[in-house]
Each structure stands twice: as C-alpha cells, then as structure tokens.
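Chemist: As a plain string of letters, each chain reads:
Protein chains: 2
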Amino acid sequence: MGAAGHADGVILLRGGAEVYRYDSDHEPVFRQESYFAHLFGVKEPDCWAMIELPSGRSTLFIPKLAPEYAIWMGEIKAPSWFEQHYGVDAVLFVNELQAAVGGAVGSATPSQTPIYILSGTNSDSGLDLATVLPITEGVPAGSIVDSRSLYTVAAECRVRKSTEEVEVMRYAAWVSSCAHSSVMREARAGMLEYQLEALFLFHCAFHGGCRHQAYTCICACGPDGAVLHYGHAGAPNERQLLETDMALLDMGCEYQFYASDITCSFPLSDEFSADQRVVYEAVLDSQRQILNAMRPGVPWSDMHRLMWRVTLTHLSKAGLVRGDLEAMLEANVGYIFTPHGLGHLIGIDTHDVGGYLPHTPKRSDVNGLKRLRTARVLEAGMVLTVEPGCYFIDALLEPALAEGSAYRQYLVPEVEVYDSLSSVQQDD
Amino acid sequence: MGAAGHADGVILLRGGAEVYRYDSDHEPVFRQESYFAHLFGVKEPDCWAMIELPSGRSTLFIPKLAPEYAIWMGEIKAPSWFEQHYGVDAVLFVNELQAAVGGAVGSATPSQTPIYILSGTNSDSGLDLATVLPITEGVPAGSIVDSRSLYTVAAECRVRKSTEEVEVMRYAAWVSSCAHSSVMREARAGMLEYQLEALFLFHCAFHGGCRHQAYTCICACGPDGAVLHYGHAGAPNERQLLETDMALLDMGCEYQFYASDITCSFPLSDEFSADQRVVYEAVLDSQRQILNAMRPGVPWSDMHRLMWRVTLTHLSKAGLVRGDLEAMLEANVGYIFTPHGLGHLIGIDTHDVGGYLPHTPKRSDVNGLKRLRTARVLEAGMVLTVEPGCYFIDALLEPALAEGSAYRQYLVPEVEVYDSLSSVQQDD
Ligand SMILES: [Mn+2]
Ligand SMILES: [Mn+2]
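Here the protein sequences come in this chain order: A and B.
Start counting the first sequence at 890; every next residue gets the next number (our numbering).
Start counting the second sequence at 890; every next residue gets the next number (our numbering).
Worth flagging that the hints you see were computed from the coordinates, not collected in a lab.
Among the hints, a few may not be true.
As the list claims (entries may be wrong) - A few chain B residues that don't get close to chain A, going by computed Cβ distances all over 12 Å:
| # | residue |
| --- | --- |
| 1 | M962 |
| 2 | A988 |
| 3 | R1049 |
| 4 | C1153 |
| 5 | L1173 |
| 6 | R1198 |
| 7 | L1246 |
| 8 | V1266 |
| 9 | P1288 |
| 10 | L1290 |
Stated by the list, open to error - In the DSBU-like style, the derived pairs of lysine-lysine whose C-alpha atoms are separated by at most 30 Å in a straight line are:
| # | chain 1 | residue 1 | chain 2 | residue 2 |
| --- | --- | --- | --- | --- |
| 11 | A | K966 | B | K1259 |
| 12 | A | K1259 | B | K966 |
| 13 | A | K953 | A | K932 |
| 14 | B | K1259 | A | K953 |
| 15 | A | K1259 | B | K953 |
| 16 | B | K932 | B | K953 |
| 17 | A | K966 | A | K932 |
| 18 | A | K953 | A | K966 |
| 19 | B | K966 | B | K953 |
| 20 | B | K1251 | B | K1206 |
To be verified - Label pairs and their in silico Cβ distance ranges:
| # | chain 1 | residue 1 | chain 2 | residue 2 | range |
| --- | --- | --- | --- | --- | --- |
| 21 | A | D978 | B | V908 | 48 to 58 Å |
| 22 | A | P1247 | B | S1051 | 50 to 60 Å |
| 23 | A | E1026 | B | Y958 | 35 to 45 Å |
| 24 | B | P917 | A | D978 | 27 to 37 Å |
| 25 | A | D978 | B | L1173 | 43 to 53 Å |
For every residue, glycine included, the Cβ atom is placed at its ideal position computed from N, Cα and C.
Bound-form chain A, shown alone (with noise of 0.2 Å):
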C-alpha cells in the first residue's frame, strides 16, 4: 500500500462460507461478507479473490464442485461465467488459491513482497474479520502478513458511496418505504405486532425482489416502543395491538446487498392523543432542522447535540422538564430521552464501516454521544440515517427522577406516566 499508492504486494480476501445451524444441516439463505460484496459482488459462497498491486488485477477464486452438485443445486457455472458476471480479471479455484497467490508474491521481490489481509476491530460489533474469517489457508508458508494497512483503506472506501451505489440504496429506500406506508394502511387494534411484520416482508419481497432484510423487524407498539431493539427471539413482536396505541415501526430492508433503515411511528387510532402529539411534533421537528443543518463539513456530534437541543425545546413547552435549557443540555438530560445515537453511516451493513477509525475523531464517554457509532465530520457520498427519537423508558426515569440524581432537578415527575412514542426516520 504505502503513501504513493504504487507498492508492490498481494491483497488477499475471503468471502463467507456456507454456515450450518449448530450441527445440523440446515444452511439459512447465505449472505456474502460485506467487504467481499462491495468489491466483488460476488453472491456465492466459499469464494476467495486476490488484487496484485501495483497492477488492480483481480482473480476470483471459487470453489470446484463435485458433479453431483449439479443434481442438487444446479448447473455448475464455469469459471468464463464468474469472470465475465463479476468483471474480474481471471477466475481460478480455490484448490489453486496458494499456488496463485505465491506465484504472485514470488514475481515480484520475494522476500519482501507483502500479502495483505483485512483485519481491524469493527467498532460496532470489536470483532475482527481476520477472527472469524482466518485466511491462514490461503497463505503460502514463508509469506509476509501485513494485517494492518489494508482495513482502514478498506472501511475508508465503504464511507463514501458511489452514484451507483447511491442509486441502489435509494431504491431500497423506495421499497422500504412503500412498505411501510402498507403496513400503515392496514394496521388495526386487534392485531398482533408480528402480522405488520409479515406485512412489511411480504411488501418488500413481493414488489421489491428483496429477500434479505436490513435488520430484525422491530415492531413495538404501546409499552414496548420504549424497547430500543424489541423484535429479539425473547421479544418476538407478539403484543396484540390496542386502539390507544402508538406503533414504532423500525423496519429496513435490503436490496443487492444495500440496506435501508426506516421507522415510522403513528397511532393506531388515526387521530394522536395531545401527549402523543407533543412527542411527535418534537422529534419531527429535531428532524426536519437536523435534515436542514447537514452539509459537508459539519460534525454529526454537533447535529445529536441539535436533536437534544431541539427536543428538550419542545418537552419544556410541554411542561415535561423544566430550568434554563442550556443547563439541561449542559447537565445532558437529553440522554435520559434519547439515549441512542441520532443515527449511523449507512451502506452493505446496516450500521456501516468507517465510524471510527485511526484519523477520524475518537467516541466521546459523555452518555449518549458515546452511543453515537461515528462522530466524523460530513463528508460528500457519506450517506447517514437520520433517526431522532423521544422515549418514556422505565430504566433510564426512575433512576433519573431518584433523590440524589443530577437529572432531577429538570424533570417532572408525570413524565414517567407517559407513554412510550417515538418517531424516526431515514434520509442520506
């Protein structure tokens, strides 16, 4: 890699492979790894590739299947096909795969030739790709490792997005947002919050061709729209829906490998009650002015801090806190609201790569911001979802509104009866 651009050396990546369920021989739907997807775009699995340096030449290396896979899971495509479907150089297997990437290295200064691999902690998951993808068999003993210049360039070509890759997203975007609009439609008290579940997939799959969603559905209504990631096997979307509900709808899905992150929220009622109202209008707003302030240059901490800023406006009209509002923002009440982050880089994954990376700013430890899964400064081609929010969570008010607590002083002790509503949304 080096400054110039122009070292010599192999860059060695490896695709997803198959996985089983625990040790049966159930395979779910295979989804490639995401680097590979937005390199190669390469749908099968268990494939490897290779880029020589200084050329850009690329190799894709697939796997050689036996004949009788083509009695189980159809024509075997050949290597011509992979080249030309892929764009890549040339297509070997994988059984050639040190070969290749020895004669490769080796042409060049052999004992000095690296490979490099990805591998870098994901600051929303701290796992490491070269852990759970280790690509010790496509390394020819003796080689060079570099695993560390390779995953910041790597994120770094994630964050800003392509016109082409701007077009896909829009259009799962599009998809996601139909489908929410049909699910609004068709939501009624007495229904379980798993059928607008199967309402929104079936949208997207039916009349958007997509199969893979962004995300678990979370479909939280009443009390559990206070539940940040209700929708989990322990809380699988089961309520039954009443007419006094507000439904929190975070659905988003996925489309040639791009994800799209929408939540709607709205009452079940058609008609918000005039506390329902108060906490819609306030995060409609924080997002109508934070959608009005982004641009190329300005810190997303700074558009969190505006979302706190303009929520705790519209609480403190509501009579919900009270005291002087740059001391509640000093004294970070906005967290016990909103203790998400405001929103994320967007792209192959849902939360995408790049928020934190060496030369990008470090995450705060305030409460809040710290949940904030980038405080990079805006650039053009970084898409961001948008994702203000105001909720009444048992967990964070009771503590708050305790003797001895700092936040105390602000609230009013009615707002723990409040209801749990919230609306967010998605934008790039």
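Using the hints provided, position chain B with the ligands relative to the given structure of chain A.
Modeler: Then chain B with the ligands, alone, in the frame of chain A:
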C-alpha cells in the same frame, strides 16, 4: 446413564449462542439449538443447563444481563420467571455454572462421577455438536467427561414424538398446507418465482404466527424443477413463470421449534399436458401406495423401493422406460428419476436426528438408497415425510444414456427432452 438408568452423574448441556454476521453487529433472529429446545423449550440465547442423575433434577443457567440491557432489549426477566415459564427445578446464572456442576459432581462419588456431554456425528451434516458449541467453560478442572454415552440416548428421545409434539407438528403442517393452497390460487404466468415464496412466507407469518421457516423455500418452476435444492443464494427463485410451466414448490414453516415440509406440484395453466399428467400420476400413485403400506415394523428402505417400483411401472406404461420391471429394479433404474431419498424423520430439525445410530440399520451404498436419511424400521411415534418424486435431470440422464452405461438399455431417448416435473408431499 448405564443400562439400568440409575447411574450417578451430571448431564451438561449448552444452549445456542447469539451469532453475528461475520464481523458486523448484524444479528439474525436467534433460533435455539435443537437438543436444547427439545429438552427445555427455552427461546433465549446464551443459556446452559444441567440435569443431575439419578434424580433428574434440572437447573437452567441464564446469562447475567447488564442493567442497560433493559433499555435496548426490554425488561430483564428474573430467574423465577424462567423457572416457572420453562418448568425447571432451579435457575442460576451462567457465571455460577462451573461451581454448580462441580458441586453436583462432587456431592456424589467425587473422582468417579462423570459429566455427560452431547457429542456425536449428525448423520445429515457430518458435524459434531461438541465442536460447534464447545462445553469447556462449563467443565470444572479435573472432571471426568463422558462424551460417548449421551448422544445416542438424546437422539433416540427425539425419534419418537409425544402426543403433544405431534399436535404442534400438525399445526405447523396445517399452516404450511393452507399457505400452499393460497400460493396455488395466486400463482400465474408472468410472476417471478420469489413472489410465490413471498406469498408463502406471508401466509405462514401473518395467519400462522410462524416467524421461522423449516428450510429455504424452493420455488422451482419449469426447468428449475430439476434442481433439487433450488432457491439458494446462487439460484434465488428468480425465474419468470411461463404458462406452460409446472411449478414445484417445496416449502414448510416452523412453529414453536417444530418443522413442516410440504411439496406441491401443479401446472400453471391449470391443465396438465399429457406428459405432465403421466409424471404427476406416477408420483401421486407412489405416494398413495406408500401411505397405505407404512406401519410399524416396515423398513423405510422397503418404502423407498416401493416408490421406484410404482414410478417405473407408470413410466414403462408411458413408454419412457423399456424392459422387464424386475430387471430395471435390479439395475437400480429408479435412481435416475429419483436421486433423493423417499423421505426423512422430521421434528425439531427438518432432517431430524436419529436416522443412523449405532443400533440402527446402516446406510446402504446403493445409489439413491444411499441418500436415504434413515434406513430404520418404522415404529409408532416416528414422524417421517413421504416425498416421492420423478425428475428429468440432465446431469443424470446424459451419462445414463451414454454408450456403455448400464442404464442405457432401459431408457428411451425421448426421456431427455421431458420437462422437469415432480410431485412431493408430506405426511406423518
Ligand atoms: Mn438505525
Ligand atoms: Mn424434505
């Protein structure tokens, strides 16, 4: 364990762990490991359990969740909730696991009381649970671990279903069956295969409350019907349906961990062509005869052979094969048209465990029979799918028709231009 079933010891079991997509924080909806689901029905991830012998006293170990979990994932359920909900004798935290296991082992005859763990080869996948979900962290230093006795016993417990299990399985099969009907009503030329998948998933989720599918939907229309496991990431149900197509839809939902597995074949035009009818009738007749013949004491391989006999009889009448029926059966000609096994045990896994255990008939090495996922003698309480089929697969027909092939004398050359047709159904 031991023959009398009164031995001392502790059975140590590990539940499924939350997994992530590669190095990202993308979490698919958690699905419990099947043995753990069978024994405890626990839906939550990252649990362990111990059963003390000979008393049978059960203890569930749940993860100790940090207080902020409540903000993101909802109310933290108390141990008493788990105790009551899952009917175990005691609930502790996972960080108390080693000590509890040590205590239970030590309280018997210290140096000789074994810890029994699940380890054995799943005969469908070739994988071993002890490798996939290692139990090392649950085993106190110096313990005697018995990794051989438990697997066969635990698998055998899953082979014969209780009345309650059968009831849940009937429900899952009923939901899948209704969903198939609804797909059949909606399917028409011009649609895409994935739209049939979307319709099926919608019905199962919206009307049946089934969030998981037992396996990836196979929506194989026209020539895709000849690909047994069509629908995977490399062939994602994306063909457009023609008026002249047969649809072969192999789809089944899961309900409360229990699988269903149903295949329907029908012509999109609502009218079989003469060719389509021949094949459809052959398969339907196979299925009827097999359902009539199935009873305790019958070897499953005999049912597979009955399928070949019935199918070849029909093909012979239609002039697609020629020669003496017994000679054809002897020459294994059925394999060319039905390369897969007749059906399989079904339960918490679609391909359920217990097909081949040390005390059951060995796997055949004859083509076709070799693919049977069990060669057991039928017993009351077993649930198996009955999925006869008849395919026209180039990868099998071409070599079978080639000069020198032992199959050649029985085949009629036109067989190769046959459309791919098949019919399969599920029963218990
Ligand atoms: Mn989001
Ligand atoms: Mn099956």
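Chemist: Holds or violated: is the Cβ of A988/B farther than 12 Å from all Cβ atoms of chain A?
Modeler: 26 Å, holds
Chemist: In terms of Cβ atoms, is chain A entirely out of 12 Å range of C1153/B?
Modeler: 19 Å, holds
Chemist: Report holds if the minimum CB distance from L1246/B to chain A is greater than 12 Å, and violated otherwise.
Modeler: 15 Å, holds
Chemist: Beyond 12 Å from chain A, beta-carbon-wise, is R1198/B?
Modeler: 22 Å, holds
Chemist: K1259/A and K953/B were given as a pair; does the straight-line alpha-carbon distance stay at or below 30 Å?
Modeler: Holds: K1259/A and K953/B sit about 23 Å apart, inside 30 Å.
Chemist: Going by Cβ atoms, does L1290/B stay more than 12 Å from chain A at every point?
Modeler: L1290/B is indeed farther than 12 Å from all Cβ atoms of chain A, at 16 Å.
Chemist: L1173/B clear of chain A by more than 12 Å, beta carbon to beta carbon?
Modeler: Fine: 23 Å to the nearest Cβ keeps L1173/B off the interface.
Chemist: Can the suggested window of 43 to 53 Å be confirmed for the beta-carbon pair D978/A and L1173/B?
Modeler: Because 52 Å falls inside the window, the suggested range holds.
Chemist: Is the Cβ of R1049/B more than 12 Å away from each Cβ in chain A?
Modeler: Check passes; 19 Å lies beyond 12 Å.
Chemist: K966/A and K932/A: Cα distance at most 30 Å?
Modeler: 13 Å, holds
Chemist: Checking one constraint from the list: CA of K932/B to CA of K953/B, max 30 Å. Satisfied?
Modeler: 16 Å, holds
Chemist: Does K953/A pair with K966/A here, judged by a C-alpha cut-off of 30 Å?
Modeler: 10 Å, holds
Figure legend: structure checked against the earlier numbered hints; hints not met, in rising order: 1, 9, 20, 21.
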